[in-house]
Amino acid sequence: MTDVISSEVREIAAKEYQYGFVTDIDTDVIPRGLSEDVIRIISAKKNEPEWMLEWRLKAYAGWLTMTEPKWQNAFYEPIDYQNIIYYAAPKPKKVLNSLDEVDPEVLAMFDKLGISLKEQERLSNVAVDAIVDSVSVGTTFKAKLAEVGVIFCSFSEAVQEHPELVKRYLGTVVPRRDNFFAALNSAVFTDGSFCYIPKGVRCPMELSTYFRINQADTGQFERTLIIAEEGSYVSYLEGCTAPMRDTNQLHAAVVELVALDNAQIKYSTVQNWYPGDADGVGGIYNFVTKRGKCAGVNSKISWTQVETGSAITWKYPGVILQGDNSVGEFYSVALTANRQQADTGTKMVHIGRNTKSTIVSKAISAGHGQNTYRGLVKIQESAVGARNHTQCDSLLLGGDSGAHTFPYVEVKNSTAQVEHEAYTSKIGEDQLFYCRQRGMSAEDAVSMIVNGFCREVFKELPMEFAVEAQKLLSVSLEGSVG
Amino acid sequence: MILQIENLHASIGGIEILKGVNLEVRAGEVHAIMGPNGSGKSTLASVLAGRENYEVSGRVLYEGQDLLALPAEDRAAAGVFLAFQYPVEIPGVGNLYFIRTALNAIRRKRGEDPIDAMDFLALARERMRLVEMDESFMNRSVNEGFSGGEKKRNEIFQMAVLEPKLAILDETDSGLDIDALRVVAQGVNALRNEDRAMLVITHYQRLLDYIVPDFVHVFADGRIVRSGDKDLALELEEHGYAEIAAS
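Residue numbers (this note's numbering), protein chains in the order written: chain A, 743 to 1224; chain B, 34 to 280.
Same shape as in the complex, but just chain A (with noise of 0.2 Å):
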């Protein structure tokens, strides 16, 4: 039986990604490498205004005199940041006015995506904002948008027309100099989706945009704002895919979350990343920083994120409870095979008083996967009743696969309460006999275990969301997880 194990794994191993393919649009590329020069063409070619251009300088400044974190439980060869393409965007034929004007490859390039573009055609109630390689090429739904004051547009577009809002919150909750890759995003990111729901406005329709790398050597480095004023509410969905290629390409994201008083938002991320293949050569490094910051009293930030793809995922989306009686929420699905590792996790920081954050985190590795949860819980002196409770469990298929738990704990409040759980289960011999004796495929059965070890990070997902990331994990499995 152990040998159906392994053998599942290898088919796992096998396992084609299906959104590698290349599409072929007339692309306007910068030389490779990094400069001031290079930030300069950046920001002139999507016409910034001075501040911005000089923001940019700063962070390159800053990112100068850091050096590459090593801590992470990765191992990859040295990234050479001067052999990176900074800037890569399908040419327009002209300024568009509509979606219709869209390049015609670049909605078919969509279409084969599973993502329409054209409003009338989507069924679901989910405005979508398209990110190819470094520019978004279009933005759904936003005259419906506007009538509710709800402001979803491209960052590029919101450096443009809302330079107010832009830099009042910019960096707010990620500073410039945050972390190495932080900087290097905020010095040369090329755009992302900017959000901004008004006082009091229920967002009625699901937010998401979708990134796609699409040329080669190039690094996405995208940046996402979202503003939740006093008692509004947003849901927040994003995906990925990228062009499966023998050299890794780096993204480098960095999305901010701004929740003020009584807000909600709920960001939710099913990340595809072209994870490379059997033997580990190619995908993407995704190393982003994502960081939300509960500034208002009762408001809430959740984190959801199934995370099937890249070579090397690095991220800890985290939640700073300033406002007293914050709620901060982190799910996680993480799912590691072939040569992937990941390296994912959470922070969250009680500052206000009565705050609370749930932790609930699901490692899945096979084949040679890699899997680490790393999370800090950290408790100020200010935060009296502070609450946490972190639950990381971990799933292993095959012999070669590792997992790895690394929780940091800071308290300093003594009326605090924190509690930690965490195992790890093999797909037993025993479970799946069990499921084939009752007349179930191996492969139906590994899904169902897989699936059952999920549910409580998928049933926090939207319903549209859920569906697709049981199929993902389905797909990232197959012939194990049919």
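In case anyone wonders, no lab produced these hints; they're calculated from the structure.
Treat the hints with caution; some may be incorrect.
Derived pair list, reagent style DSS-like, types lysine-lysine, alpha-carbon separation capped at 30 Å [as the list claims (entries may be wrong)]:
1. A:787 with A:909
2. A:1201 with B:184
3. B:142 with A:1168
Sample of chain B residues lacking proximity to chain A, with all beta carbon distances greater than 12 Å (derived) [unchecked claim]:
4. 122
5. 126
6. 171
7. 216
8. 261
Not the full set, but computed from the structure, chain A residues with beta-carbon under 8 Å of chain B [unchecked claim]:
9. 1172
10. 1176
11. 1178
We treat Cβ as the ideally placed atom computed from N, Cα and C, and that holds for glycine.
Once you have looked at the hints, place chain B on chain A.
Relative to the frame of chain A, chain B by itself:
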């Protein structure tokens, strides 16, 4: 003939556990297999159900076809059911969802359409009543947090839904108090019919007060050493295994 076992040997890690088992089971019959711990009773159940970590030789015909050539799931589809001695927990998977998936997998293999959801619910409700299971078990995770008795009832419930031709009950009585034993036995008896055969593996005669077998076999050191009718079980109770095996 439902089951015909001829000179069945099985070993694991080079240690021989089954040392030449011979047994014939016809439709409608209930056979009890009794024997001391470690005699190989449970191994026989596992080998028949298709557990793969044994080296097996000999011949097992199930309705005339070579059972040992089939993977576990095909044996299930052909109508072989094992009620586990230690039912397995599957966290996060609803009990009812589990058994519906199993039923549909079997139906698919038999070329039948999946069961209609409403029909399935009606079927499940009816079969739960057989073993006096509360409906709250429907959505609890498979066997997770179940008591020993609840797990065994769940096995019989699953058997009632899947309606096998050959049911193998591996120490279904172990860990049950007398009330649970009565309920489980009542479920099993309700499923006895002229088309279905049962192999009841037990250490204690007690279960056979409730499930009265047509035949009793005494298992010792990897083979059947004596066979008889239900009175043999009583004899065993009186004299113990050692004496019977030796005689």
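**Request:** Of all the hints given earlier, name the ones this structure violates by number, lowest first.
**Result:** Violated: hints 4 and 5.
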